[in-house]
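These protein sequence lines map, in sequence, to chains C and B.
73 is the number that the numbering used here gives to position 73 of the first sequence; each next residue is one higher, with no gaps.
208 is the number that the numbering used here gives to position 208 of the second sequence; each next residue is one higher, with no gaps.
The reader is advised that the hints may include incorrect statements.
DSS-like cross-link-like pairs, simulated, lysine-lysine; straight-line CA separation at most 25 Å [as the list claims (entries may be wrong)]: (1) Lys410(B) / Lys45(C); (2) Lys201(B) / Lys64(C); (3) Lys69(C) / Lys203(B); (4) Lys203(B) / Lys312(B); (5) Lys312(B) / Lys178(C); (6) Lys562(B) / Lys517(B); (7) Lys65(C) / Lys180(B); (8) Lys201(B) / Lys65(C); (9) Lys530(B) / Lys595(B); (10) Lys104(B) / Lys517(B); (11) Lys203(B) / Lys319(B); (12) Lys85(C) / Lys20(B); (13) Lys203(B) / Lys64(C); (14) Lys436(B) / Lys488(B); (15) Lys65(C) / Lys203(B).
Computed footprint of chain B on chain C; a stretch qualifies when at least three of its residues, placed anywhere within it, have a C-beta under 8 Å from a C-beta of chain B [stated by the list, open to error]: (16) 80-93; (17) 101-107.
Keep in mind the hints are simulated off the structure, nothing from the lab.
Glycine is no exception: its CB is placed at the ideal position from the N, C-alpha and C atoms.
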Amino acid sequence: MDQHTPESPRTRGLQMARSMCWHCQSAVTGEYFCERCVKVQPVSKETDYFTCLGFPRRLTLDQKKLEAKFYELSRTFHPDFYQTKSSAEQTISLGNAAVLNTAYRTLRDPIQRAEYLLCLEAGSVKNIRTSPPADLFEEILELQDTLEAYRSSDRDSQKGRELRVALETEQRALDQRKQEMEAQLQRLFTEWDQLQDRGEATSQARAERDRLLKQMRDLLSNRTYVTSIVNDLAATIA
Amino acid sequence: MTRIVGIDLGTTNSLIAYMKDGQPYVVPDRHGRTMVPSVVALTDNGLIVGDSAKEHLTRSPERTVYSVKRFMGKGLVDVQDELAYFPYQLTETGGVIRIRLGEKSYSPPQVSAMVLKELKRRVEAYLGESISQAVITVPAYFNDSQRQATKDAGLIAGLEVLRIINEPTAASLAYGLQEKTQGTIAVYDFGGGTFDISILKLKDGIFEVLATNGDTHLGGDDLDRLLVDLFIGQVQQQHRINLSEYPDHMQAVRLEAERAKIRLSDDLKVAITIELPDGKGHFTRELTREQLESLALPVIERTLAPCRMALKDAGLTPKDIDEVVLVGGSTRMPLVRQRVEALFGKAPHCHLNPDEVVALGAAVQADILSGGTTHMLLLDVTPLSLGIETMGGVMSSLIRRNTTIPASAKEMFTTYVDGQTGVDIHILQGERELVKDNRSLARFRLKVPPLPAGVPRIEVTFLIDANGILNVTATDMRTGQSQSIEVKPSYGLSDVEVERMIEDSFKFAADDVNARKLIEARLDAETLLKTTEKSLVEAGHLIAVDEAQGIRNALSQLATVKDSTDPRAIRARMAELEQAAKHLNVVMLDDSLKKSLQGKKVTEVT
Ligand SMILES: Nc1ncnc2c1ncn2[C@@H]1O[C@H](COP(=O)(O)OP(=O)(O)OP(=O)(O)O)[C@@H](O)[C@H]1O
Ligand SMILES: [Mg+2]
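One chain only, chain C, in its complex shape (with noise of 0.2 Å):
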């Protein structure tokens, strides 16, 4: 463990005012590096993973292009290439490599991006399920009693192996279900790029924005709750 706080180079009133650098004070008209004084300047705390990889906020991205520019900004700011430099400026490289190695990892997650991309819109935590959607209500009590008998019987047993066949026909049905709800999320996705590239401003964009938000957190949320029983399952008849 450091037992040293890293020397922080009072970057506070900056990160609300990143339009100047920390160490010239002069306008920062760089992206990333003061033009004057050549000195990194840290990433603000406001800037979301979006702007920070340099892309819109869409929920479909070309893959090859984050991963190339994620590549490109950690040659700009890994710590590897700061060990000579002075230990403010190594301070803000380790900041900065943290913030982008988060934001790429969110963002090159199609259900991460998606939550993420919520929270920036709807400006909410996850709203985390803890009872089975409703159209699942019935087959998951079910479930919760099979596996429920199945560990407590023999597995061995007659009893213990078909129990075990149907947990495991439940298990395909439950992938096949979280399959077609990637799929609806993959449509809404699409659905929500179409209406930000067209960019309207009238009350029916907004309500169609509000539906789209709200199907998609709730299939986010049934999603992940399902997910959590199949590995649950998996789990038990490993």
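Knowing the structure of chain C, use the given hints to seat chain B with the ligands on it.
Frame of chain C; chain B with the ligands shown alone:
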């Protein structure tokens, strides 16, 4: 610019490498050996390290430390099961193992520092410049405490550790530099004490680790132990002797087991000879490769589960792997190669020397840090999930395993009781649900201003830096004030202790240098004695009688002083002997020249 070196601090062997004109080189000793055995022995004349210390394994086992890497960042409970295998005495103070060597106890970082100092001396003598900065490698699966302990070892040895990098990824850098490949590679690193698997994507000079897994307690040492147990059991059965009661014999058995294992990588059978205590003769048998393999198979199989996990975490299947790179001495075993080939469905790549490739990669990373190599960049991951203890003894994950580093997570803390002035935070590493099944890293107390419950808002940032080491900072969101955090490591040395050890290491440096000089002087004296005696026998008749007598006198004087503790006295006597034998050597040379010329035609000579 000052030079940064790369160091592979291994369980069994350590190496040091440097970069020149874009190519890494391993530093050899004067005999051309590149590996320094990671062995430290306490002799009557002080501490010695490396090949000369290795000779003491059987001579004074209780004062000769090997495989110390297994104890880095650990408490005694962690190694309870294997205590019986180590002939030296282990204790614990403040959550840190201590190794008894004579009158004193040393922490594992201190012992490792002795190995590091030896490497430092070696490179300084070789390059003729002083070295103060290094990149040191660790197993990818090392946790925070083990990494921190390695960093401490560097500090104690007088080295600024600019970067801790993972062994398999270091190997990938050396591999990438040579092969200039693009694609997905798996690095399978099976050494003396640890096993690592890393899966990387190589593209346009970026080495992106996709996933890593391993076992920091699985290596060639474990194979040796299986053989040791086999031999001991048989000796017990056939001779009714319990060898484990004889530490020096145990060491001999261990060395014999390792020798046999290594031989069986090339041969199909090997003869085993173990000397029994108290002049009871020898135990002998034959060991076949097949026998070794049937014993070793379960251990080797244990490396496959981490490989599958890493593939799964990377979202890949074996057929997505373009190349499998083998690292570590234990990958020389044919059975290991077979199993790896079977798992990945392709023959592994073995063009690189598996002993040296990690040190070479560390030198490449050192060159990247010093600004020499600019086209390569390693993006590594943290091997284990990091979290904090929450209600009910459950771990809440903050940074998941296989997250690219540097990585950070923020967590907001508040109070439950009015006027509460502190919040205790317990940091953990591991993949399990419950706190008790994970590794405790450290605890600290967050200072909170006394306010009504729920009002304080302290944001804690957990940052894993590019070394894979955790840094914690906290900010009071109401005032914007940041507070420094005193973290108490669960299994590590405190800063104060490290400071003291650094001081100690300087204090004893003089003793150490003396011990080393003495050993070198003795070795050189022995060589000189032998060669001069031989010359006397061969050519004594060619010189005057009193001249020969003079040489004999100088010989016996050197022989007496050789065992003293003063290297300068030994060197002085050596100089005298060399002087006395100078003429003899000339005469011998002439004589042998003459002999070789006899019978040859004159034309051949000119
Ligand atoms: N030809 C061989 N066949 C089988 N095993 C071998 C062979 N050569 C060396 N070994 C074993 O390899 C191990 C040492 O390997 P290596 O030097 O790579 O380990 P290390 O780097 O010191 O350890 P680690 O990386 O685990 O810290 C020893 O257990 C040794 O017995
Ligand atoms: Mg190694």
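Hint by hint, here is what the structure shows:
At most 25 Å may separate the alpha-carbon atoms for a hinted pair to count; Lys410(B) and Lys45(C) meet this at roughly 12 Å. Our distance criterion of 25 Å between C-alpha atoms is met by Lys201(B) and Lys64(C), whose separation comes to about 14 Å. Using a Cα cut-off of 25 Å, the hinted pair Lys69(C) and Lys203(B) holds, with the two alpha carbons roughly 13 Å apart. Of the pairs offered as hints, the one joining Lys203(B) and Lys312(B) holds, with about 21 Å between alpha carbons and a cut-off of 25 Å not exceeded.
For the proposed pair Lys312(B) and Lys178(C), the alpha carbon gap of about 19 Å is at most 25 Å, so the pair holds. Taken as a hint, the Lys562(B) and Lys517(B) pair is honoured in the structure, with Cα atoms around 13 Å apart against an allowance of 25 Å. In summary, the hint linking Lys65(C) to Lys180(B) is supported, as the alpha carbons are separated by about 23 Å, within the 25 Å threshold. As the CA atoms of Lys201(B) and Lys65(C) are separated by approximately 16 Å, the hinted pair is consistent with the 25 Å bound.
Restraint check for Lys530(B) and Lys595(B): the C-alpha separation of about 23 Å stays at or below 25 Å, so the hint holds. Of the supplied pair hints, the one linking Lys104(B) and Lys517(B) holds, its CA atoms being roughly 22 Å apart against a limit of 25 Å. Of the pairs offered as hints, the one joining Lys203(B) and Lys319(B) holds, with about 18 Å between alpha carbons and a cut-off of 25 Å not exceeded. Between the alpha carbons of Lys85(C) and Lys20(B) the distance comes to roughly 23 Å, so the proposed pair stays at or under 25 Å and holds.
As the CA atoms of Lys203(B) and Lys64(C) are separated by approximately 12 Å, the hinted pair is consistent with the 25 Å bound. The hinted pair formed by Lys436(B) and Lys488(B) meets the criterion: a straight-line CA distance of about 18 Å does not exceed 25 Å. For the hint pairing Lys65(C) with Lys203(B), the CA-to-CA distance comes to about 14 Å; that is within 25 Å, so the pair holds. Coverage of a stretch by a chain is defined here by at least three residues with a beta carbon nearer than 8 Å to that chain's beta carbons; for the segment 80-93 of chain C and chain B the count is 4, and the condition holds.
With 4 residues bearing a CB less than 8 Å from a CB of chain B, the segment 101-107 of chain C meets the requirement of three and the coverage assertion stands.
In the structure shown, no violation is registered for any of the earlier numbered hints.
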